[in-house]
Every structure is written in C-alpha cells, then in structure tokens.
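J.: We have chain A already, so just place chains B, C, D, E and F on it with the hints.
Protein chains: 6
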Amino acid sequence: MRILLINPNSTAAMTAGIEKAARAAALPTTEVRAEHPEGVPPAVECYADEALCIPPTLALAEARAAAWDAIVLACHSDPGIDAVRERIVNPVIGIGEASYAAAIAAGRLFSLITLTQRFVRRKREQIRRLGLLDRCASIRTLGAGVVEGFEGKERLRDRFLAEAEAAVRQDGADCVVLGCSGMVGIAEDLQAHLGVPVVDPVVAAVKLAEAIGPIRRGPRR
Amino acid sequence: MRILLINPNSTAAMTAGIEKAARAAALPTTEVRAEHPEGVPPAVECYADEALCIPPTLALAEARAAAWDAIVLACHSDPGIDAVRERIVNPVIGIGEASYAAAIAAGRLFSLITLTQRFVRRKREQIRRLGLLDRCASIRTLGAGVVEGFEGKERLRDRFLAEAEAAVRQDGADCVVLGCSGMVGIAEDLQAHLGVPVVDPVVAAVKLAEAIGPIRRGPRR
Amino acid sequence: MRILLINPNSTAAMTAGIEKAARAAALPTTEVRAEHPEGVPPAVECYADEALCIPPTLALAEARAAAWDAIVLACHSDPGIDAVRERIVNPVIGIGEASYAAAIAAGRLFSLITLTQRFVRRKREQIRRLGLLDRCASIRTLGAGVVEGFEGKERLRDRFLAEAEAAVRQDGADCVVLGCSGMVGIAEDLQAHLGVPVVDPVVAAVKLAEAIGPIRRGPRR
Amino acid sequence: MRILLINPNSTAAMTAGIEKAARAAALPTTEVRAEHPEGVPPAVECYADEALCIPPTLALAEARAAAWDAIVLACHSDPGIDAVRERIVNPVIGIGEASYAAAIAAGRLFSLITLTQRFVRRKREQIRRLGLLDRCASIRTLGAGVVEGFEGKERLRDRFLAEAEAAVRQDGADCVVLGCSGMVGIAEDLQAHLGVPVVDPVVAAVKLAEAIGPIRRGPRR
Amino acid sequence: MRILLINPNSTAAMTAGIEKAARAAALPTTEVRAEHPEGVPPAVECYADEALCIPPTLALAEARAAAWDAIVLACHSDPGIDAVRERIVNPVIGIGEASYAAAIAAGRLFSLITLTQRFVRRKREQIRRLGLLDRCASIRTLGAGVVEGFEGKERLRDRFLAEAEAAVRQDGADCVVLGCSGMVGIAEDLQAHLGVPVVDPVVAAVKLAEAIGPIRRGPRR
Amino acid sequence: MRILLINPNSTAAMTAGIEKAARAAALPTTEVRAEHPEGVPPAVECYADEALCIPPTLALAEARAAAWDAIVLACHSDPGIDAVRERIVNPVIGIGEASYAAAIAAGRLFSLITLTQRFVRRKREQIRRLGLLDRCASIRTLGAGVVEGFEGKERLRDRFLAEAEAAVRQDGADCVVLGCSGMVGIAEDLQAHLGVPVVDPVVAAVKLAEAIGPIRRGPRR
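Chains as they are written, first to last, in the numbering used here: chain A, 1 to 221; chain B, 1 to 221; chain C, 1 to 221; chain D, 1 to 221; chain E, 1 to 221; chain F, 1 to 221.
Just chain A, with the same shape it has in the complex:
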C-alpha cells in the first residue's frame, strides 16, 4: 500500500517529522511519503491559514492521486478534507478526525491538549462539528507563548504531563489527544508515564489508512 501524507504548510522540517512518524507507524510493506504543496503558509494556525492552504493542497492531492492508495491530510484542522474527498476516489484521512476516532475507541471521555488559549474555540468547534462534544472531557492548553518560550523538549514534556494528569484526575478523561503538532513522536513516552492512551494524530491516521486499505486511485470521474 502507498500512503501520501500532505502537510499543508511549507515548513520542511515539519514535513520531515511527519514522514518519520508515519514511517515508524506503517507496515514495512507500506510505502510512505510526506510532501507539502508550494505556496502555502509556513504554519496553519488559524482559519485563514487553513483557507489559504486548501487550494494548493487540493491541487497536489489531485496530481498525486493516481500514484498513491490513500491521502492523509497531515494537519490537525483537517483543512479541505471534504473538498479532497470530492475530487479524488482514493480514501482520504485527516489526522484531526483520525485522532478523535482513535480516542473514542480507546476510552469513554477524551481530553485534547493543545498549545495556547487562542486555539481552544476552534478546537471546541471542530469537536462539536464532528458530533463528539459529549465524548470530550476537556480541552486543556500548555500555556500562552509555549512554542517560543520553551528551551527544550524537556519542559514541554513536563507541562504536557501536568495537564494530562489534571485531565485524567479532575476532568474524568481516560484518554488524551495530542493536539500539538510539535509533539509528534513522543506519545509513547508520555502514555507510559500517564498510564492512559495518548493519541498521536499522525500515527492514528496512518493506522486508519491501512485499516481501510486501497480502494481506487485517481481523480473522480
């Protein structure tokens, strides 16, 4: 099976990180590649960024559809997922939707941990639109200015563990979703400490793409 992950932002290091995480999760017989379109913003931090990244993402998905079995949209906001599904016959998985799907299979009530307060409304809206609000125990943040302020992974990890523990103890969560793209690849370590599932959205998406498997390839019609 061949899975293409499209990172809808233009930060090459992030594309590389996504490919690495996907590679580690996939079957050895699965070919995996991550790519980003030209002309997209360096990060997708708001609805407007999302809007701007969709047309190039859509074009890239159409251009690559004939050569890959599944397309994974590698941004937690799942930008343009309905449009991509409409244009190509391949299965299309968004890492945001995949992360919530994994969460409801892993427990009864999930908490989402995201970077800063200004993401909360959008994330709440995303969960509400998927119809999963009553499976969500809480949305917690790592504190304003997190990205800039952190000197290293160590401090980020500590903050994450503190919030995740509060989610489990106080909010009743029995599963935590990593809504923070900078943390791809550390779910395994985190959940060993927490004792409850910590969902890595890229891993969830690759596994679900493999679960569906190849269907058809190429543009629709």
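Note that the list lumps identical chains together, so a pair holds whenever it fits in one copy or between two copies.
As a list, the in silico DMTMM-like pairs of lysine to aspartate or glutamate whose alpha-carbon atoms are at most 25 Å apart:
(1) Lys-123 to Asp-174
(2) Lys-123 to Glu-165
(3) Lys-123 to Glu-45
(4) Lys-123 to Asp-134
Hint data in this document are derived by calculation from the structure and do not stem from the laboratory.
T.: Same frame as chain A, but now just chains B, C, D, E and F:
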C-alpha cells in the same frame, strides 16, 4: 508489541478466522494471538449471550494481562469492555467501537450492514450509546435466515453488495461497516467494487491497538 | 400483582433493606419480595462486579419469571437489564433507570448524589447512555472514604443535605436523585428539609412496575 | 398522602374518568380527587386551548395547594406545569411528562399513539423539548376523525392494537405510550395482547406522585 | 408592511420603548406599532406571569390579525408563541427566539446576559428547548438586586460591559445576547466597545419579520 | 450602514441578482453593493469549488473591510466564513447560516428545498454542523437536471410549490428555506401561495446584518 484478541464465544473456527485476519493486519513485529475462554456460548447473538460470556472473558483478560500489551475484544457487541478496562491497566479495544471509530474517520455518514432484522434494535442502541447516531445513515440487513440459507460466500457477497450500494445511493452513506462476523476478511474485495471504504472490525481494532501501542501491563493495582 | 426485586449482590442486610423499602412503597395488594442470587459479589461497586453478578442474576430472573409479574433489578447500575429483558416476557425495571425517569418527571434538571469521586465517571456514562445528560445539572459526591468513616446515619444525612442544597442553589437542580444505596428509606426525611423532590430509586422502581402492571410471565419463547 | 388531579378542561365526564383511573392506581391510604377549574375550554386540543386553560388551572392549584400533597396536571400537554411549579411548593406532576418518564424506564424506544395527524407536530415538539427525541421510535395516529367516527370502544381498541403492533414490529418500539385521553383505563387490557408495556399517563402520574411523596404544601413564599 | 408588536405586560413606558426601538429598526415603508393587552401583569418575570399574560395576548393578536402583516411578541420569554401561531395565519415572531436566531447567524457561540440569578434556570431551559444549548457559551447575570440598586443607565452599562467582556475572554463567546429588557436601544453603543455583535431582541425580531414579509392575515380558518 | 455582499463565484448575472435582492431588502439609508472576486469558479457547486473560491474571497474581504460595515458571504455554503471572521473585525454574515437562523425564528421545523439529489448530503452535513438537525423536517429537491431542463421560471415555480406543499403536509414543516440560488427574489410570491414563511437567504442575511449594525471596520490587529 503483543496483541491478544479474545473471542468471547467458543466457536474455534471463528477464533481461528479472527486470528488470521488480525495477523494479516498487524505489523510483522506485532505478535498476535486469538483465544476464547472456556464455558462461553457458541455465539454471541443477544444481550443474554453477552452477559454469559463476560465473566469468563474478564477472567481470561486478567489472567493474560501481564503477558500482552493490548487486549482486543473480538465481538462486535464489545461485551464487558468497561469491566475489562477496569480490571487491567493494558489498553482494551472492542471491535465494535473500533469499527465505528474507523467509519467516522473514513467519511461523514456510515451505514452498518448486519445479518438479520432482529439485530437492528441492539445495533441502533449500541450506536446511540456511543453518541454516534447522527453520523449513522442507516442500518441495513442481509435478510432473515441468511446464515442458514446461504450455500456459499458468493451469495452472501452479492447480498452485501446490493445492500451496501443502496446505503450509498439512497441513504447517503459514504462508508460501510461490516457488522457481520462471518464476513471477516472480505472487506478489501467488497470496497474495491463499491468504491467507498468498507470497515472490517477486526482489522480496525488491530490497527487502533497498534496506534495506541504498549502502555502498561497487568491487573489494576 | 407480584414484584420480585433481585439484589445482584450477596449482602443479605441490603436485600432485606430493599425489601423493606419496596414493601413500604407498594400497594397492599402487591406482593413484594427481594432476593439475591448465589455466587455474586458482596457489593456492585464497579463494572467488573457488575459483569460478575449478571449471569447469576439472569439465571435467577429466568427461574422466577413464571411466578412473578415484574422483575426489578435492585442495583443503581441496572446490571444486565437488557439481557434480562431479552430472556423473559415480564416487565423488567432497573432502579437506576427508574430513578432518572422519576427525576425528569419531578423537575427540569436533576442532580445525582453518589458516594465517592470514583463513581462519578461511571454515573456520568450511565446518564449519557440514557440520553439524559442535558437534563442533569450535576453529579455530586459525599466525599472519599464516606462509607468507612461515618459513625452513624446522622453525619451521612448532614453531608447529603449540604451537597443537595449546593446542587439546588449553585447547579440549578430542582430535583435530587439518591445514588447512594446505603441511604434507601431516608428520601422522605431529606426532601422535607430540602423542599425539592429527592428520588429513592427503589421506591421509584416499585411505583413504575405497578404503573405498568402485569403483562405476561415467564421465559421468552 | 393526598393527590389532587386538575383536569384543565371542563368536560365533567373526563374529570370523573380521570378520578376513577387515579383511584384505581393509588394506595388505599392515598386520598385522590380530580377537579376542573371554571371557565376553561371543553377540551385541550391545541396550543391556544392550552393557553386559555392555564390561568384558571394556576388559580385552582394555588387555591388548593395548602390542602393537598401533590398536584397532578391531568392533560397530556402538561399545560402550565412550569408556572404551577413556580407558584406552589408542592410537587407538581404532568401526565404527559410522567408518561414519557415511565416509557423510558420500561424500555429503550417508545412509540406514542395519538388520535389524529394534526396532533403529530405538537407531540413531536413536546418530546423534543423534553430531550427524549432519540428515545422515540415513532408517533403513530389512529386516523382522522377517529373520535367522531367510532361507534364504540371496540373499534378504537382494534385500531390501537394495529398501530401498536406496527410500532413494535416496524419501528422497533419496545414500549407504547397512550397519548389518547379517551382511552384511559384500557392500557392493562391492551398490553396483555401486545406483550409490551402500554403506558397510561394518569396511572404513571399517580405512581410518580406517590414515589415522590409529600414534601411541603402551599403557595411559594 | 405593517408590524404589530404586542408587549405582554402592562407597563406603558416599556411598550413605548419597544415601539421606539422597533421604529428605529424598521424600513420607512414599514408601519410599526407596539401595544399591550388589558389585564396583564406589569412585568413578565416568571412562568406564572407568562401564563397570566397569554390569554389576553392571544385575544389581542386575534383581534388585530386582519389589520397587520406580522405579529411580534415583545417579551424575551416568547409567551404563548405556539398558541398565537395556531390561531392566526400571519407570521408570528418572538423576540427571544429572534435574538437567539440572530446570535447563531452572528457567530459560533453566544452568551446571554440576563438580570439576576433567578432567571438563569428559565433561560437555560428556553435555550435547551430550542435545541441551541451547544451553541451557548454561558448565561451571565448583572447581579442580584440590579434593577432596584442602579441609580442610572451608566452603572448598568458598566456592569454589562464587564460581564460581556468576561463572556468573550473566559467563556469563548463571539456574540452576546441582551436578555435584559431594560437595556433595549443600547446594543449599538455596547458592541462598539466590545467589538463583537450584541443582539438587541426587539431589533432582531423586527428585521426577521421584515425578512419574512407579508404572507396572509387574519384568524386561521 | 454599508453592506458589501461578496458573491464567491464569477457569474456576473448572479452577482447582479444578489445586489438587486439585497437592495430591495435593505433600509434606504443602507448602502449595498455586491461584488465577486477575480479568479473564482463560475459556480460553487461542491466542496472543491468552495475551497477554490475562499482565498480570493478572503483577500477581497480584507481589501474592502475598511470601507464597509458588514460583509455578507452570498453563497448558501458560507464558504470560508470562519476565515473571514478571523481576519477582519467587521460583522460577517453567511447567507446559508442566516437562512437557517431566520427559519428557526419563523417556526418549529423547517424544510430545505435544494436543486438536485447530489446536494443533499452536503446540505444535511451543513445543518448537522450548525447543530440544527433536530429542527429540520426534511431536505427536498427539485429533481435532477432541473437547471438545464427548465424553460422558464414558471415551471421551476410549480416544482417548488409542489415540493414545499409536500414538506408542509407530509414532513411537518412550518417554514421552508430556499436553498436554490436561482430563485432569489421569488420567496414573497411563493409564500403567499403556501401560507407559511419561505426564507430567501439573501434577504435574511441583509436583515440580520442590519440587525447587528456597524461595530468596527478593517483587518484584525
């Protein structure tokens, strides 16, 4: 990683089929085994069967917990899943819940295809309890007496395709869930014909167990 | 009419207390008995206890079905209620479901008062599954270690009144559900002080069983 | 205990029928009376009738509150229930709300059977407002002109049984609510034929009023 | 077009204020009048007031229906709206329903700001009944005794701004509904300071009545 | 007040029609203009069209924000509404959201009438995401190939009336939403025949933009 699938009924051929499907879905580095407890009914066709199979399933899960990373309950009704989660620290995945989770990641509206009319109320109730009723386009059946009446896989496949096509055309489904345990292993073929994802519950569960990965093992406290 | 209450745990004093409360609630022409099956746990405090008590409860219900008009499952978790309904033609009432039903008839928003924090997630899940989450103002607890720590009914009563008053004042509840089985029989006293309905689950179940009345008796088919 | 049922319409025969049904359902120690206010419409068949009957109903409830323990509003639309609760400290039960409450305690999915098509929208709205729409399998009617056209109870009973059987077979209902006030007192006979609970709203309300018991009496403040 | 606003309370100054606000919002070609029925309470502060004002409101609506194109019920509780719709063929708009409708068109999550704590339960219930609870970020109040205690509009305005800012910052609201009838006519000033839409219920109702336009006039049938 | 309607497709006749309908609905003191961005598809018939039209729409909204008080997105899918709201401080109204808002203020249950079967899934999803699915009686269509096949407005009008009448009679709708952009400007005529409100999305949006009024203008920050 080591995944144990517990088939809560005592039909050895079914246990074998589950193990085979799981084996085909898992990473080569994942060790997979399917097992059924002693003293359970030959099939789980109703709430009462479910009730009877839970205590032996729970005992088996506890007995095996220290040696396996994840437990998969390999019955689409997910019998006793909350009880098993309560008793062991390992991740516990039910194939029913996993199939619906995969479905909502694969599309907007799923249809469930189950064997006979008498399963419909229970299936509707299961979906309602998970909070996914408004993501469900329809529950369709293969007709009364299906199991007994079929001379072979061929006819079952035709009936399934007819119902699945109606689900897509008439009910608006863009994803189909195989709620019929006798059909494990044929999703790939079916979806190639339909052109939309067909979720195999065992495959979905194994992939989601791998997505979560090992956490801790053994009885709780 | 003849109502059998099955206490799915083996604590004889509790069975006796249930019978006494039921007797006080029933019509004089209603015959009431409480019984517990052999081989069940002494208390149903978790999903696993629930699972273990169901098969003997089911067997007892089937064995007694021909002689009684209605079966009441006298545990607030309603263990095995769907299975029992499936096996016998008699009306089957769970005291948990009956308590929430009475609460939504008594007001607009109920609060549930349960013993300790570790019950909250299960109780929230029970209410969510019944589709009544938006009629629930809050779930409050009497504090950890309550059962062990109380020297007498007096202190329990004070704690209950304090929490119930907070539910009414702060959470907007206009009805309180007694989710604490040790408190059967004191609802009347409590609600006289609170001034809002306090639902006793055993009383609610007996009244609803009488409201339905006899239908048919015995195993299904 | 003393329960006053207020029939908000001025049809004396109906008031008498309600009292008779309530009397048959109540404990021998419960005093029961049905009364209707002066100056209300002869029937409550629409929202406007409802509006017109509320002020006299409210006045009667206030005038009687000090002498009775509970007030039952004996109209399936529960006209003015929030207003009555606001004015008096006694428990107030509506027969509509009580009937749905009994239905969700008696099964998983109820069907409501009402007289004619023009009631369907209002009944659907009532169920939606109570938050119980996903517990409702269907609303069925006995056909236009039913009241006028029936020569006797016999034909009404046949029509009811036909619709109730369709609700169970086709709609998946496992409980039926009698939404037809002219049929008070025949639920017992009907459910013996159907084999599933048939809820009589007056009986449900009396039982739930007794389940709550006396709290306080009289006007609020 | 001719729009009649019925103020269901008898406070003439309020009727005048409503007419003024409506006049300012309407097209110059729209004729606007506000009127109140005889024999209604001076204010509609509870369900009982509501009940008492409905029959005269209904009678006035029927009496005026032939001469006006639309009827606006100018009380935030929308008293008797279903009854009025049933009796006349004209479009009928309630200012409460109109204010929530405007709010969901203006943003994703609204907060309602009402006078005192004792209105909160009723307002929550109104929003829940309309099916909009998951679009509501919070219900905030201006503090007990507000009406009596304020020396002038100035202090009320400050309190409102403080609560509205908290709704936006802490509760995630992106739109605020003025649930406080004494504040009609100041939404424009408030929203200029807040920077998010502040919905004036009378303005919303007049605009929505104009959006629908004339249909038919007079009593039904 | 100055309202700019952005038609996100490049069909000039449609832009002109939108401006005309908006002009007819607005206050004489309201300045109204409709405009479409360069480089957008000729029609927005699918998610992919939607995606392609959003970046130019967003750019146009930002470029015009300082000169207009409100921006109306004049496409029933509300493409990019969250992105536009994020980038500018002006109120932003989508005609789709406005049409559903007007519908819930005009009645209890609305039906949407759209052109062809292939729009139904998207429209259902739009309504579901807004949280209004339980206020929607049905989605009806005018039949495949409608646009091409119609020789004139006359036949379209007949088809619409037939579907709308069925929505009211059979589905229980008491309000109809025009989800068919080619029909802008005929709602008034249609509702005179139907006798229930027919919502024109452009009119609803202009009225709601006026209801909110000016707040602030220009790009955010």
